[in-house]
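Spelled out from the first residue to the last, the chains are:
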Amino acid sequence: MAISEKDVKHVAWLARLALSDAEVEKFAKQLDVILEHAGKIAELDTKDVQPTAHAIPLKNVLREDKVGRCLAPEVALANAPHQEDQAFVVPRIV
Amino acid sequence: MEFESVIGLEIHVELDTESKMFCGCSTRFGEAPNTQTCPVCLGMPGSLPVPNKKAVEYVIRTGLAIFCDISLFSQFHRKNYFYPDMPKNYQISQYDIPLCIDGHVDLEMEDYATTIGVTRIHLEEDTGKLLHIGGAGRIAGADYSQVDFNRAGVPLMEIVSEPDIRTPEEAKAYAQKIRAILVSLGVSDCNMDQGSMRVDANISLRPVGREELGVKAELKNLNSFRSLQRGLAYEIERQTKALQNGEAIVQETRHWDETKNTTSTLRTKEYAHDYRYFPDPDLVPMEFDPEWIEGLRAELPELPDERKERYMSDFGLPAHDANLLVETKATGDFFEAAVALYGGDAKIMSNWILGDLTYYLNSENVEIDAGEVKPAHLVEMVELIDDGTISGKIAKELFSEMFKTGKMPKAIVEEKGMTQISGQDEIAKIVDDVIAQNPDAVQEFHDGKERAFGFLVGQAMRLTKGRGNPQLINRLLKERL
Amino acid sequence: MELFKLTIHELHEKLVSKEISAKELAQSVFSRIDDVEERVKSYITVTRDVALAKADEIDKKIAGGERIGPLAGIPTAIKDVMNTEGIRTTCGSKILDNYIPVYTSTAVKNLLEEGIVMTGKTNMDEFAMGSSTENSGFFVTHNPWDLERVPGGSSGGSASVVAADEAIFSLGSDTGGSIRQPAALCGIVGMKPTYGLVSRFGLIAFASSLDQIGPFTKDVTDCAIVLNHLIGHDINDSTSVKIDKPDYTKALVNDLNGIKIGVPKELMAEGIDSKIKAVIENSLKLLEANGAVVAETSLPNIEHSLSAYYIIAPAEASSNLARFDGVRYGYRVPDAVDLIDMYMRTRAEGFGDEVKRRIMLGTYALSAGYYDAYYGQAQKVRTLIIDDFNRAFTDYDVLVSPTTPTTAFKIGEKVDDPLKMYLSDICTIPVNLAGLPGISVPCGTVDGLPVGLQVIGKTLGEEMMLRVAYSFEQSFGWSEKPKL
Ligand SMILES: [Mg+2]
Ligand SMILES: [Zn+2]
Numbered sequence: 027m028a029i030s031e032k033d034v035k036h037v038a039w040l041a042r043l044a045l046s047d048a049e050v051e052k053f054a055k056q057l058d059v060i061l062e063h064a065g066k067i068a069e070l071d072t073k074d075v076q077p078t079a080h081a082i083p084l085k086n087v088l089r090e091d092k093v094g095r096c097l098a099p100e101v102a103l104a105n106a107p108h109q110e111d112q113a114f115v116v117p118r119i120v
Numbered sequence: 010m011e012f013e014s015v016i017g018l019e020i021h022v023e024l025d026t027e028s029k030m031f032c033g034c035s036t037r038f039g040e041a042p043n044t045q046t047c048p049v050c051l052g053m054p055g056s057l058p059v060p061n062k063k064a065v066e067y068v069i070r071t072g073l074a075i076f077c078d079i080s081l082f083s084q085f086h087r088k089n090y091f092y093p094d095m096p097k098n099y100q101i102s103q104y105d106i107p108l109c110i111d112g113h114v115d116l117e118m119e120d121y122a123t124t125i126g127v128t129r130i131h132l133e134e135d136t137g138k139l140l141h142i143g144g145a146g147r148i149a150g151a152d153y154s155q156v157d158f159n160r161a162g163v164p165l166m167e168i169v170s171e172p173d174i175r176t177p178e179e180a181k182a183y184a185q186k187i188r189a190i191l192v193s194l195g196v197s198d199c200n201m202d203q204g205s206m207r208v209d210a211n212i213s214l215r216p217v218g219r220e221e222l223g224v225k226a227e228l229k230n231l232n233s234f235r236s237l238q239r240g241l242a243y244e245i246e247r248q249t250k251a252l253q254n255g256e257a258i259v260q261e262t263r264h265w266d267e268t269k270n271t272t273s274t275l276r277t278k279e280y281a282h283d284y285r286y287f288p289d290p291d292l293v294p295m296e297f298d299p300e301w302i303e304g305l306r307a308e309l310p311e312l313p314d315e316r317k318e319r320y321m322s323d324f325g326l327p328a329h330d331a332n333l334l335v336e337t338k339a340t341g342d343f344f345e346a347a348v349a350l351y352g353g354d355a356k357i358m359s360n361w362i363l364g365d366l367t368y369y370l371n372s373e374n375v376e377i378d379a380g381e382v383k384p385a386h387l388v389e390m391v392e393l394i395d396d397g398t399i400s401g402k403i404a405k406e407l408f409s410e411m412f413k414t415g416k417m418p419k420a421i422v423e424e425k426g427m428t429q430i431s432g433q434d435e436i437a438k439i440v441d442d443v444i445a446q447n448p449d450a451v452q453e454f455h456d457g458k459e460r461a462f463g464f465l466v467g468q469a470m471r472l473t474k475g476r477g478n479p480q481l482i483n484r485l486l487k488e489r490l
Numbered sequence: 447m448e449l450f451k452l453t454i455h456e457l458h459e460k461l462v463s464k465e466i467s468a469k470e471l472a473q474s475v476f477s478r479i480d481d482v483e484e485r486v487k488s489y490i491t492v493t494r495d496v497a498l499a500k501a502d503e504i505d506k507k508i509a510g511g512e513r514i515g516p517l518a519g520i521p522t523a524i525k526d527v528m529n530t531e532g533i534r535t536t537c538g539s540k541i542l543d544n545y546i547p548v549y550t551s552t553a554v555k556n557l558l559e560e561g562i563v564m565t566g567k568t569n570m571d572e573f574a575m576g577s578s579t580e581n582s583g584f585f586v587t588h589n590p591w592d593l594e595r596v597p598g599g600s601s602g603g604s605a606s607v608v609a610a611d612e613a614i615f616s617l618g619s620d621t622g623g624s625i626r627q628p629a630a631l632c633g634i635v636g637m638k639p640t641y642g643l644v645s646r647f648g649l650i651a652f653a654s655s656l657d658q659i660g661p662f663t664k665d666v667t668d669c670a671i672v673l674n675h676l677i678g679h680d681i682n683d684s685t686s687v688k689i690d691k692p693d694y695t696k697a698l699v700n701d702l703n704g705i706k707i708g709v710p711k712e713l714m715a716e717g718i719d720s721k722i723k724a725v726i727e728n729s730l731k732l733l734e735a736n737g738a739v740v741a742e743t744s745l746p747n748i749e750h751s752l753s754a755y756y757i758i759a760p761a762e763a764s765s766n767l768a769r770f771d772g773v774r775y776g777y778r779v780p781d782a783v784d785l786i787d788m789y790m791r792t793r794a795e796g797f798g799d800e801v802k803r804r805i806m807l808g809t810y811a812l813s814a815g816y817y818d819a820y821y822g823q824a825q826k827v828r829t830l831i832i833d834d835f836n837r838a839f840t841d842y843d844v845l846v847s848p849t850t851p852t853t854a855f856k857i858g859e860k861v862d863d864p865l866k867m868y869l870s871d872i873c874t875i876p877v878n879l880a881g882l883p884g885i886s887v888p889c890g891t892v893d894g895l896p897v898g899l900q901v902i903g904k905t906l907g908e909e910m911m912l913r914v915a916y917s918f919e920q921s922f923g924w925s926e927k928p929k930l
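Residue numbers (the working numbering), protein chains in the order written: chain A, 27 to 120; chain B, 10 to 490; chain C, 447 to 930.
Simulated from the structure, these hints should not be mistaken for laboratory data.
Warning: the hint list may mix true and false statements.
The list that follows gives simulated cross-link-like pairs (lysine-lysine, DSSO-like), each with its CA atoms no further than 27 Å apart [stated by the list, open to error]:
#1 K691(C) with K85(A)
#2 K856(C) with K55(A)
#3 K860(C) with K52(A)
#4 K35(A) with K866(C)
#5 K55(A) with K540(C)
#6 K52(A) with K856(C)
#7 K62(B) with K866(C)
#8 K866(C) with K32(A)
Quantities reported herein were computed from a predicted structural model and do not represent experimental measurements.
All chains should be built: construct the whole structure from the sequences, respecting the hints.
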């Protein structure tokens, strides 16, 4: 098996996704099939192959240190589910 | 058993660029919440980062200044973890190929010299700021938190040292030296109060003579050089006690509490992250022309070590003075401005700067370039001593006044009538009075008690309210006795 | 006259000659929407008022004697993956149900500046993850050729909207085939440009190193016209390429004399439906008749494309989608007790199953201990695939293949079998991995359902690719329309 229910619970935690036990079971089965297929590439000999992160070989794309326009705070906060004192609000952290 | 501490520092420094690392928002400090944001630094869907060239240049300059190898090929990675001060829930940082690797910093301690290795310097983006509401503003106990993204995306340079540091004093000296270098380079103001320089310390203990490292604790919230030194001293004591009692040290992050003077557990390793670093697909690699890097090297300004050498050779200062004067760029600048104004011995300027000026600045917690006393004040005052207008003793008083008010020394002297009394007749009269009023002391002097002479001089000074020329009093008193 | 049936170039003539007004045109398209939208369900948001106001503006320009560009006044639908300032943009997800962007994506902005009349935002698989538009967080879009079938995906709404004449053209995004596959299944032209040619700024990212915006049009000429105005270097996108902008309509030459066309045998192998293969064989003969030299070639490593893709794309997605956390925008559970609870339930309720699957897949592939075997290895396989294409392109000007292994499948047929669904993109995925341009043009039908021919160009070889597609289109003479 490529992935266990325990692994699914762990990645769901890392990805901050609440899953029911039934979902853990379902996703474990589905992900296992996919990983079984995708994992086949592990067998390929790629010792001397360089990885490709971008198909188009660009480099050194940098911008000058110039200040541009910012959003008005009410625009920045326009979509905030909860705001107060011109700040985004989150529930207690600990 | 004797233990040795093994300390490594991670220093985060906000770079002094105009705009943020990956967008054009201003980096100005202290603005109203969420006024310096845009789709990029708010992590809005579809926004993309474009790196700030100046920030890259600043890191490379830093690397050159501390003898690093500069990576000719470098790239940005994503560091993935969820936290509400991070707009994208990943931080753009560097991982396998930081901009600079393998440098070092030389330290001149009180009675020995040492070298601290620098593992790497990398470039990343700062996070936003959280304001905890309720629970006295501490995260634990707060009802909820507010998030301000003005700081999110400010260019942040991380300097990671080797675990070469052995004492809290070395840690402090290393951090101070890094600050002096960065300020000389003009890449950051390194203001610890405003958080533009932040220090985390890793510390473990091991029996003296053993190679293998012990279990480490990571210290956070070290908001000043003083807390860095005290926090580490506390940790050494705590870990030593634990080891002597046969307890195991737990790998954890600990919080330094400045008011309670202790450290406490923030989180243990069970909550260790799996950051899932991978090359940021929104950004392309950087490849540097070695000639460009040599150009940056050639343009490096004078650094603290070079400055120190110059103070010793050009001004004949002892190493001790030179070391202290280059500790911050502003102190060195002050010293040089004063020496340039003053025609006399540079050592006199050094004495006043490292003595009275430093004393007052420290006690008032003011930076040298923010204080009321400027080089012109100091020089004018020393010239008043030189030409005999005031005595050294009065100068001390004058200095305090100058520090408080920022008035020029001559003005103060005039206003307060602090000029030295050097009139032969005036002093002679006072000396006569003293002799007349203190027959016992005069007798003791004649009996050979040297101390009595001092007493009589003191009495004469008292009568002149400290303004009498001490040399003249001495001479006339001797003549008349 | 049913104006909604016409192409961009036909309508432009009529607008310039004042035979029709932009307003009439917009009204014609909206009446068509009123007529068929209930059955096809292409749009998440229809922007009628904005569109009519814009049409008026264009009409004033025409009346004032101002010269207008070829896209001015043309009713255009935009996939709901692109940010449009002030207009709801959902990305097909409940998590962005109420999201109103504060800025417009560069690609859409480029077209708005050319005077397009935006009709609305089209349905899609949530976060562009899917091949059938069944993964939309809102509703399923139907294939105009057979309402029981899927339009393909993830840009299913943008494909069906053009096939059903609910817009004159549309924009989609293509990460593993999301433009070409639905274009094939809906019997229209769909094109993915070379990676970096069209700015991704404002395109809500699925997999950053693969995503590319492109047009759905009724013919290849329209495709070239749209492309002229869609591309261009953007300082806001670090992966945007700098080139002198060509006039792609100049590439529309109906002549293939001396053009060398390779047919990768791996894309005509078992997985491909035999009836589709027969249609493609016929198409190859047409190309030959038009002067092209057609020969079989091989891309030995592309059998690993699907594996590499289903590691790389989810890995990038797992990180790209972390920002949907209920803090700055989008959905948030109303009753969170603390931060973790808010994160966990907001994302669990906001994302659909396919998105969750891919986030978990990607998280796993990047996590400690698995990176080298999965993500690292997939990036190397990507190199092998690029090398294969480079070798083939030393011998051939373009490569052709079927766009999809089957025609449009029934709604619900593959929803419970993710891997089977993934196989629908087997012919298109390699092109994204290599960053190449690809176009799908209609080349016939199987059992009354359209089939697409994929033409793959070299990096920045759009002109040759368009020339082959155009020549084919001219000699094939496709004119079938779905009966709605
Ligand atoms: Mg860091
Ligand atoms: Zn910004």
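Q) Taking each numbered hint in turn, which are not upheld by the structure, reported in ascending numerical order? A) The structure breaks only hint 7.
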